[in-house]
Amino acid sequence: MIDPQLRCVEFVELVTDWMEDALDDRTLSRLEEHLVICPPCGEYVTQLRQSATLLRTLDAEAPPPEARRELLEMFRAQRDA
Amino acid sequence: MGHVVLDAPDSAVLAALRAGDEETFAALVDRYHASMVRVARAYVATKETAEDVVQEAWIGVVQGLSRFEGRSSLKTWMFRIVTNKAMTRGGRDARSVPFSSLGADEPAVDPSCFRDSGRWQGWWVSPDVVGHLPEALLLSKEVRAKIDAVIATLPSSQRVVITLRDIQGMTAHEACDVLGVSEANQRVLLHRARSKVRTALEEYLRDGVGAEA
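Keeping their order, the protein sequence lines are chains A and B. When we follow the numbering used here, the leftmost residue of the first sequence carries the number 1, and every step to the right adds one. When we follow the numbering used here, the leftmost residue of the second sequence carries the number 1001, and every step to the right adds one.
Any given hint could turn out to be false.
As the list claims (entries may be wrong) - A few chain A residues that don't get close to chain B, going by computed Cβ distances all over 12 Å:
1. Asp25
2. Leu28
3. Ser29
4. Glu32
5. Glu33
6. Val36
7. Arg49
Said to hold, decoys possible - If you only want the chain A side, here are some residues facing chain B, beta carbon under 8 Å, derived:
8. Pro4
9. Arg7
10. Cys8
11. Val12
12. Asp17
13. Thr27
14. Leu48
Simulated from the structure, these hints should not be mistaken for laboratory data. Glycine included, C-beta positions come from ideal geometry on N, C-alpha and C.
Build the full structure now, drawing on both the sequences and the hints.
Structure, rendered in structure tokens:
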């Protein structure tokens, strides 16, 4: 039996499991076959990767100076107690 | 010393902290504080309470250093302290996060983006429905603020997962360890959160953020 061709509407629901290596072999090959013939779905994957890169930059936020100062004081106080 | 040491094995970081090395502790605060506040924020009602919870969690970290046995990574241990403190506080504020709830089963993409009939039913209505996002705009402060706002609108459990995975950069295993959810549920939450962030990003850039500036 030949599996029916994967459609874009299904692709976008499987893409996270694909990126997380959580697909069974059969679904994996259907998804990768789809990706070869469907440039917009390829672009969709690119967009997801771009948002991941963007999200990673949010991590670079510095703590508020006041909170940081208090925490370092707390660390010294605990250490010297 | 300082930031470099955070790339060292946990045992080296722990030894420095236990020896009272302030630079190592400062590096830890610089690296994790903002993400901890984001995580705590999902459990409590206000940003102020979240800040408060994280201050309390840092005290717990410092006081627990001598007892930490290294069975999990230092990072997951610290974030578990945050979620535990936040849940206690969240309970008091009557706003706990139900991790049993995965959120509504919404489609990743607006169904109107796909053909609804014919030979190509379920395929994109047109190839340019998925536009190319300009790299330069992605790095702008405005776009980052927009995405920050979108994350704040996500259901709490989705917000925590995307924070740990994509903002903080944890592995799936680490995130599950912090939150006590199964890998499968973690993926569902991550999928829903990422889909919404992507949609918001695309809509925002399509509506001509560059043109406004």
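Now the hints, each set against the structure:
no.	hint	verdict
1	Asp25	18 Å, holds
2	Leu28	15 Å, holds
3	Ser29	19 Å, holds
4	Glu32	17 Å, holds
5	Glu33	14 Å, holds
6	Val36	15 Å, holds
7	Arg49	10 Å, violated
8	Pro4	10 Å, violated
9	Arg7	3 Å, holds
10	Cys8	5 Å, holds
11	Val12	4 Å, holds
12	Asp17	6 Å, holds
13	Thr27	14 Å, violated
14	Leu48	6 Å, holds
The structure does not agree with the numbered hints 7, 8, 13 stated previously, though it agrees with the rest.
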